[in-house]
Each structure stands twice: as structure tokens, then as C-alpha cells.
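With these hints in hand, go ahead and build the complete structure from the sequences.
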Amino acid sequence: MSSIDLLPPLLIAAPILAATLPIALGLWFDRAGWSVAAATTSGLFVGAVALANAVYGGERITHELGGYPREYGIELVADEFSMLIVLLVTAVAAGVLAFTRRGGPRGNTFYTAYLLLVAGLLGISLTGDVFNLFVFLEISSIATYALVASGDGPEAAVAALKYLILGTVAASMYLIGVAFVFMATGTLNMVELAGAIPEANTTLIRAGIAFMIVGFAVKVAQWPLHTWQPSAYQRAPDGVTPLIAALVSTASAYAFGRIIVTVLGVEYLAGTPNVAPIVLTIGCVSVLAGTVLAVIQTEVKRMLAYSSVSQFGLVIAAYGVVIAGESETALIGAAIHLVGHGVLKAGIFLAAALVATSYGARTVDEYAGLAKRRPFVAGSMAVLLLALVGVPPGVGFVGKWYIAVGAVESQLWPVAAVIFLSTMLTLAYAARLLEKMYFTPSAPADASRPGPAATDGGTADTDAAAAIRGAGAADPVSIGMIAVVVVAAVVAVALGFAGGTIADLLEPFLTEVFN
Amino acid sequence: MVADIRPLAAVLVSAVAIVLIVASHRRPNLREGWSVLAALAKFAIVASMLPAVMDGTVFRWSLADSTGVEFLAGLDFALRADPLGIFFALLASFLWIFTSFYAAGYMRGLDEHSQTRFFASFAASLSAAVGIAFAANLVTIFVFYELLSLVTYPLVAHNEDSEARIAGRKYLTYTFFGGGVFLLAGTVMIYWLTSLVGEPTLAFEAGGMEALAAAAQAEPVYAQAAFFLLIAGFGVKAALMPLHSWLADAMVAPTPVSGLLHAVAVVKSGAFGIARVILEVYGPGLIYDLPLDVPGIGEIGLNIPVAIVAAFTLTAASIIAMRKDHLKRRLAYSTTAQLSYIVLGLSLLHPYTVVGALFHIPAHAFAKLTLFFCAGAIHVETHTDYISEMAGIGKRMPLTMAAFTIGAAGMAGLPPVAGFVSKFYMLIGSADVGGSYWLFAGALLLSAVLNVGYFWPVVYTAFFESEDSHDAKPLLEFPAGGLVQSYRTEADDVAADGGRPTDGEADAPAGDADATEPERAAAADDGDYEYAVDEYPSDADVPVGEQVSAVDHHGNHDDHLTGGPPADVWQRRSPFTESTWLMLAPIAVIATGAVVLGVGPDYAVFLELATRIAEEVFGMPFEELGTVPFDELMTEVNN
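Going down the list, the sequences are from chains P and U.
Using our numbering, read the first sequence as starting at 71 and increasing by one per residue.
Using our numbering, read the second sequence as starting at 654 and increasing by one per residue.
Don't read these hints as lab results, they were simulated from the structure.
Zero decoy hints are in this set.
Here chain P is said to cover these stretches of chain U; the calculated rule only asks that three of the stretch's residues, wherever they fall, bring their Cβ under 8 Å from a Cβ of chain P:
#	segment
1	719 to 729
2	794 to 801
3	816 to 829
4	839 to 845
A few chain U residues that don't get close to chain P, going by computed Cβ distances all over 10 Å:
#	residue
5	679
6	873
7	1226
8	1255
If you're wondering where the values come from, they're calculated on a predicted model, not measured in any experiment.
The C-beta atom is built at its ideal place from N, Cα and C for all residues, glycine as well.
Below you can see the structure in the form of C-alpha cells.
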């Protein structure tokens, strides 16, 4: 066993162990949390890069926990697909953490939840066991409930409760699905399952598939099961939303993809009646419904939350194409879009958090004239939004390209039409924000409408608050916070040129899965 | 194919200029200096490639070859300077030189806001336009096509009032529908079709992509669908009806934008894209051979529907133009019509019409840029935007209106202006094919008459009518023979209900200047002719709900407060004092260019390039092309 094999368990165990430190050290130091979290996430990122180096170098890295063989033990697997998500998780976790140093929220318990969430997400990405996947889904969910609930005001508690109920139901659904599959095959390991399922009792397996699809549809926030997600994103503290929005649903969507391609097998699912149409319908309907709902929102964070519904709709639709057309290209598209959307949403939500911190602006109307006051943030946000729309050479375009090629290759014309139209639909809400930021002079303060509570506790109207702050008080936004947003925008464009590279990296995995 | 960095350099030089422009935002002279410098550098780079390209060299730069980065699996991000690309790049970069002077004069003359953003976006637009010109495959052209939509949006929405925002929204919607939906869909379809017969490819090939020709035999229906998707995608920017209406609305942009971008770079990128699709993706042979089964008529070539749309657009747009009183809008509809000449010429597939269509790209560019520059100069100097207020303006702006006359003659295709040469080629080409193509030749001729119909009144009113006695405009709205009227006295009424700043309150939607248009007409006649522009004036579609605060004095917004002749009559000025040299010099140069192109097309490089492009596409010397019968030519080129 070489040392690199120890990295997968370390990536999961380290943040869990480190999660206890902020609380423990908090007994003596008030501000220990950030340092612990920063050290851990940077360590995780370095570890992830090292692991990725090995994996993309052609090694397949597995680790059997406790040395038990995978038939009855738990196996961790780092392959080409999972490493993409691991890199995304660690990078975004480090980036968001850099932002929270100044932007908040603060407090040692926050950093404990933060690290637990990261551990859960890494577990989801690396596990090779379907029951263990459930465990990590729960770890990350519970950490998320706590983080959402730490937002200001009663709305945050309600949002967390809603998420708690729906999220738990979804996880249970998945667990029931796992139980059915276990009944039919007698194993929980993904690789073992892949071999056993084609010979197993189809009724049990199909029941299991049905439960899993519903479970993941909730977790990934697909219409009409998305209802937990907008309020969770909106009510969570500003510094937390980027992390949740970028990673939580992404990891679930990745897990769903993993179940489809590795566990159940594309060929098996293609032979199962109705699976492909159902998955395709869920995805396409979510794309459409999500955008329509996004367009009618007035709150920026809520609008972006609905945007996530529609963007994950694209990913789920891509999975549908993978099943229906046995399309490798669509899977590449789904993987790239997962990563790309993660980076984009992290960046956009960070920018939104930054704007809320400095001006208390939370509605689309309040963004008027932002470009003049914060040119870098507005510029980065514009780049990120446009990348989300799918303007090349942003990363959003790359994902969309592969998904669309997959749909066309499989001759699924209605799906292809939805994918192409999604550009326009995304533009509908992105352009709204752009127009406000750049081409709407900031309106004189509207005194009749009470401004939302600014993070500094003031409830006075936002312009006045900004004016007062501009007059003398320290800017609550540090250069570092702006830099994180700018970096996200740069990464979004740089990844736009990585379409071919990522496809190459995924190639060995695809060959394995599709043959 | 010669690997060379110059295609990339030509694209990036103005992208670098953006940084410099933004960095020197506090020093206007330096900032405009960067614009001019970038324009000169861009032109120099493009021109430096010209001699070699004329000799048959193709310069190529590709991301994969130079950095090893693959843009998308199996696809390269590549630029290449071939005759067609250099044709468009040369035109855009040459005209940018003069436009950057003109823009400086225009923006300063009006004391516009956000000039840094304006010049930065302008430079970015030129980057994207040259990127479109040099794109070596469909996905690269798509990238730049989308970027072009994006960077011109700030220019359209420049005024930051509700009218500009609405125009900007419409602009984004149309262009992204064209680019992000139609063009992307078509590109993906081509990628898929070519993957059916081998390695997927999207690279342009003169005379059509071979892989596509093979695939089209296997999947004719999808090949046809992809063709129309691509044409629709590029057709949005080429303002083919029914996808044209963004163009007229985009005229709220400052005039240099309307001039260089919405008469040359942006709209021509659509026409240029169609040229790429017809000549280098499908190829005339494949288009001709892939018949479309129309019930009741039988099989027709794929080009016929495109030609019909183009012919319809050029006729209809000309008629609409006659009804527009706002000069820039009239020019916009004229652009719509003229772009359809290009599309029509290309879609007729005959080598002569193709050459005519290609030559029409510069011919129209020079003439239309002159017209827009004149409209802008009038706006800056007199704040007059409406033709009905221009009676006698020739006294005030003699040189401008003389240049306008030249441009108008070019539009109508009168010799010796450039427009004549291109129309001549298109006419003999379509006559050569004969048959139903006579109809298209007829449309071309009819449109020439209509062009005279909508440009002559402008020239006439400027030079031969006086402020106190002139025909009511637009002529089409009034009885045949014209309705003599004077706005010397009514002008005061107009000013009154056009909303002086003081009684802005009384006219509920006073912020929206255009809404007063019908009222003015009502004041000006006996009530028989209620509508000055349209029954439903598209000029006035700003919803009342969205109001701009009070009257803000920038951009076009104060036109009605100041438009028309001053209280007495137009001053008489000499050609040298009518405006700043920053605007007059470009007007004079471009108008001269239009004449030079018309007098000596053989000596100006564009015609030679156009014939070279046709030679490559059809695979034989241009002199022989005329002798081969059309049908034979089409089957020849297919092999």
C-alpha cells in the first residue's frame, strides 16, 4: 500500500476530525475557527490535487476501509469522474472560506459545520458503497441544515426546517431504494452491484430504481420537488449560500450519475422501460420551470436559486440522454456542467454576498448602478452570469455543447430543443441583472419601502447606509473578498478552454463504463 | 496553409486596446488615441497579409497547434486568413480608422456620458468582428458571433434610458436567439452529420465540406434542417425578415455605432456568415443538389427559400423605409433591404451573383457609412433627426448633404457609385440563369426604384426646399403630389406640445419624446391624415409605465426640444465650417471611397478578392465561369 492510497480516507477523516477543533479550541480562543478551517481546507485542496495527479496519471486508486474486502467492507474509490468533483469541492471550500474570513458568518460552531459539510461532500464523491453513500448524504445534509438555520431571523429557521423534512424524506427514499437493491443482490458495493444487478430480480431492482430517482430528484432540487431549495439558499447566511449552492446539490447530482453509470449500468437502464423518458422529462421540465420561476423573482439570491433548479435540470436531462442514447458525450457534458455550474454559482453567490455586505442590496432593483460603484464585482458577476447563459468561451458553454451534441447524436430532438432554448431562458434572468447593474442609473432611495436588514444591523434604506459608510466607516468588503470573486470569473473563462482537456481526462472512465 | 500569428494578432490588437482605453479613462485624448492607434494597427496587420493571400497563401493560427489546448473534443479553436476572411477583415478594419475619428468628434460634440465604456465596447466589437472574419470553423465563428452580440449590447443600451434599455433587451433577445439557439443548433447538427461519415469536423472548405456532402446523402432531411438553422442564425444579424426588427430599434445607439456596427461590422457579420455557410460549409453544388420537396411545386433547391425571403425582405424593407420620418430609422430599413441584396446574391449561387453579393459588402459599407455619418453630423450640429424638419438644411451643412447624396446614389445603384457595380453583377448573374430567376432580377430592379423613392426626398428637401415651404414628409403618408406646408409657424406649436421642459408635466408621457409624433402630425394637418409615421408608429413603442426621471439631457433624448431649423432659418455655412473636422474628414473620405469603388472596381482590391473567392469556390478561373451553363457548373462544383 503506497501512501497515495491513504489519501482518500484521509480526505474524509481529516475534516471530520478537524471539525471538533474549533469547538474545543473555542474554549480558549474566540477566533480559532477560521484558522483551523483554513488549514484544513488548504490541506484538503493540496491532497486533492496530489490525488488527482495520480488518478489522471493513469492509476486507479481504491482503499478498503479497515482492510475488509469490498464484498462486505467499505471501499473508497478515486477515479476520473469522482476526482473532478473532489477537486471542485476542495477548491470551492477553500475559496468560500477565504471569503468568510472578512465577510462572515463567524463563530466557531459555524466552522465546525463547515468542515463537516466538506467531509460529507468528499465522502459522497469518494465512496464506492451505496449504503455508505447514504451516510455521507446524511452527514452533508445535517451540516447544511445547521448552516441554513444559522441565518438571521425566523425565516432561516423555517427554511432549515423545510429542508430538514424534505431532505430527510429524500434520503430515506434513497435508503429504501438501496434496501430493495440489497434484497435483490445481497451486496452494497458499487462494483459488485454492477455485476450482480443484471442477473437479479428485475421487480426488486426496478422498485429500487424508482425510489432512488425520486430521492435524488429531491436532493438535486428538480421541479416539482425543489421547494426546499430556494428558501434554503435565500435564507442561509450570505457566506454560506455559495458553498451550499455550489456543492450540496452538485454532490447529490454526481451521486445520481454514479449510480446510473457505475451501479445500475447504462445498458441495463436502457433496457428498463420508462427510465430514460422519466429522467429526461424530469430534467427538461425542471429546465423550463426553473427558469420561469427565476425570471419572476425579485430577490437576487432566490432568483439564482431557481436558476440552479434549471441548471441541474440540464444535468439530469444529460443523464437521461446518457441512458436513452448510451451517449458518452452527454456524460462528459454532465460532468463538465456539474463542475462549471459549481464554480459559476459559487462565484455569483459570493458576488451577491459581497453586494449584500456592502450595500445591503438584495433585490434585483437594488442592484441598479452597481457597475459604477463596484466595477470589479459587477464585471466579474457579469462574466459569471454570461458564462452561465452559455456564452462562449465560458465554462457554461462547454457543458452545454457536450450535452447538446449528445442529445443530437441520440436524435432526441425535443431534448435538444430544450437544451438550445435554455440559453434564451437563462438569458432572460441574467440579462435582467446585467441591465440593472450597468444600464440603470441608481434610483434615489425609496423611503417608503423599508430596506432589508443590512448585515451591520441597520435597517435604514440602503443608499443612506452606503453613504454613511462611504463617509468614513471602514469598508466591510476587503480586497481579498473581491479577489475571490474575480478569481471565480477568471476560472470560469479558463475552464471554457478546457473542454477538450476534461474530455480527455474522462476518457478512461468512459471507456470502462460504456463497454 | 501557413502557420502565422497574424490572424490572432489582428483579433487581439483591439482587445489589448480595451485595456488601454479603460486604463486611460481620465485622459480623453489619450483614450481616443488608443482607439485610433488600434484601428491603424489592426488595418496594418490585416493589410500585411493581403498580398500573400492574393497569391493563394492561407495564414492559419490554431489554439491546439500553438498551445496544445483542445477547445472541445475533436474541435480546434482556429483562425485563418483566407480570401473571404481577409475580405471582411480588411473592410471592417479600414472603416474603423475613420470611424474612430468620427466617433471622437461625435461623442465630444454631444458631450456624451460613459465615453470610456463606449470606446472600449467599440474596440471589443471590432475584435469580435475580425474574429468572425478569420474564424476557421463553425464553432470558432460561433464563439465570436456570440461575443459580438454581447459587446455591442452596451453600445445599444448606451443612453441608459428606458428606450435604450428596451432596445437593448430586444437586441440581446434577437441576437442570442440567432446565435445561441439557431446557430449553435445548426453547428451541433453539422458536427453530428459529419461524425456519421468519419471524424467529426466543422472546418470551412472552399466549395463546401466534403464530409458534409457525404453525410447529406445519408441524412438529407437533417442536412436541410441544419442548413436552415444556420441561415436563420446568421440571418438574425443580417436582418432577414421576419428577424429584422431589432435593427431599427438599435438605432437609439450613438450614430458611430449605427454606422460602423449596424451598417457594417455587426450586420455584415451575419451576411458574411451566410456567405461562409453557402460557399464553404455546404457549397453551391450541395445546396443545389439537395432538393427540398415542396407540395404543389415540386423539388426546388435549398437556396430558393432563402432567395425568396431575401427578395421579400428587400422589397418590404424598402417600402417600410419610405414611411419612416426618423432619418436613422429610414437608414436602418435601408440597411435591412441592402443586406438582403447580399443574401439574395449569395443564394442565387451563380458565380456572378456571388461576386456581386460579395462586392456589395464593401459597396454598401462605404455608402451606408457615409449616410450614417451624415445623419450623425446633422444630429450633432442641429439636433435634427426627422426628415420632415430638414427642409433647406443643405444651406447649413453643404458638404454633409453632398456626401449624403453620393451615398444615396450608391444605395440606389446609380453609376458611378459602388452600388452600381455589385447590382450589375447580380443582375447579369440572375439573367444568365434565367427562368424563375428573372423574378429575383425584377426584385433587384424594383428595389433600385424604391431606393430612389426614399432617398431622393431627403436630398430634395435639403437642397431644393425651404424652411417655410416644403412638402410634408414622409411623402407616402400624404396625397400624391405632396402637401405643401410650412413649419415656420407651426414649428412653435410643435415645440409647445413636443414638451418644453416646463410643461413636461402636462403631457403625461413627456419623457418619451417619440410619443408626441402623432400629435405633431395632427397639429400639422386638417385631421385627414392622422398619422405622421405609422398608424402604429414603431417609433413610439415605449411603455408609459416605465418612465425616465424628468427630462434627461443626453443622447437622443432631447431631440424634440431642439430639432428642426432655428427660429429664423438655417444659417448658411461653408463646407469647412459646418462641423468639426473630426467628423467632416471621415465623411469626405468615406464618400470618396464609395465613388472610387464604383469608378475603378478593378483597381480597388475588393472586386479582385471577390472574384478570387468565386474562383476557389467553383474551382475554375473566373473568365471561364461565365461560359459554363449553370446546371453544369453546379454539378461540377459538387465533385
